[in-house]
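Colleague: For reference, the chains in residue letters:
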Amino acid sequence: MLGLGVDRLQADINRLLTSLFHQGVLDEQFLQLQQLQDETSPTFVYDVINIYFDESEKLLRSLRLLLMDREFSDYKKIGLHLNQLVGSSSSIGARRVRNVCVAFRSASELNNRPGCLRGLEVVEHEYNYLKNMMHELFQLEQQRLLAAGVRYPM
Amino acid sequence: MATKSMGDIEKIKKKLNVLIVDDDPLNLIIHEKIIKAIGGISQTANNGEEAVLIHRDGGSSFDLILMDKEMPERDGVSTTKKLREMEVKSMIVGVTSLADNEEERRAFMEAGLNHCLAKPLTKDKIIPLINQLMDA
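Heads up: the sequence lines are chains Z and V, in that order. Letter 92 of the first sequence, counting from 1, is numbered 92 in full-length UniProt numbering, and no numbers are missing. Letter 104 of the second sequence, counting from 1, is numbered 104 in full-length UniProt numbering, and no numbers are missing.
Isolated chain Z, as found in the complex (with noise of 0.2 angstroms):
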């Protein structure tokens, strides 16, 4: 019966998994990491997705600051928090996020405020996205290593 359990979860996970490659949400970069991941650091996937959620929300918020400012013309840094979020959705493999950015990225070297407006709603909309389903994947994988009697730190 545990092993049914196990057997499951990991085909709920795996479907996750698929439906999101399929939608573009992720890419091969996200396998990247889950193939870093072993015994030594059995929750490196985990670790790095949470660093990269509170990094991307230190920037969302300050771009979202920089562009509620009725005086606000910093296009210049703007661009520079778009490309740590670029970069950094790059190397976890977000792959609906980076896109969403580099058009953002480009509202803003056009100094289109409207523009960087939208980009902004855009790109808060696939984040929350991401988030969301980031969590139900970690919250599968604990009840999969709860039912397969395993125990790790989260």
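Don't read these hints as lab results, they were simulated from the structure. Please note that a few of the clues may not be correct.
[Claimed, not checked] Simulated pairs of lysine-lysine, DSS-like, Cα-Cα distance not exceeding 30 angstroms:
1) Lys131/Z <-> Lys123/V
2) Lys82/V <-> Lys76/Z
3) Lys36/V <-> Lys131/Z
4) Lys36/V <-> Lys77/Z
5) Lys77/Z <-> Lys81/V
Go by the hints and put chain V onto chain Z.
Modeller: The following block gives chain V in isolation, referenced to the frame of chain Z:
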């Protein structure tokens, strides 16, 4: 019977020693893991200034330095130039982002890099360079 020289044995036993220079905590953790996965050991520096200080303090010798380009305090270009002025002989590999244009990459190479790789780094990108190092 042919025997291996002490030099060959030491070369095989010696772990690849890498300095990872990057201000992004995400890149640091991923690049450290990649180096560990290919059997190396690594030390990190959060910016170019730290990398220079590590070498200035003496006693540090790295086989490979992974150098991010955009960093606060001292960027990758300036750090590479400085390390070469200090006669650091390590293989220095620049790590660039998609935002960098051809001119910027060329300037980075001309600062004294041995190679340039684009992010995101993977084992497949680094292993050929490690093999070059081992063959040298």
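Colleague: Compare the structure with each hint and give your call.
Modeller: Comparing the hints with the structure gives:
The suggested pairing of lysine 131/Z with lysine 123/V holds, with an alpha-carbon distance near 26 angstroms, which does not exceed 30 angstroms. Note on lysine 82/V and lysine 76/Z: the hinted pairing holds, with a Cα-Cα distance of about 27 angstroms set against a maximum of 30 angstroms. Note on lysine 36/V and lysine 131/Z: the hinted pairing holds, with a Cα-Cα distance of about 28 angstroms set against a maximum of 30 angstroms. The straight-line distance between the Cα atoms of lysine 36/V and lysine 77/Z is roughly 35 angstroms, outside the 30 angstroms bound, and the hint therefore fails.
At roughly 26 angstroms between alpha-carbon atoms, lysine 77/Z and lysine 81/V fall within 30 angstroms of each other, so this suggested pair holds.
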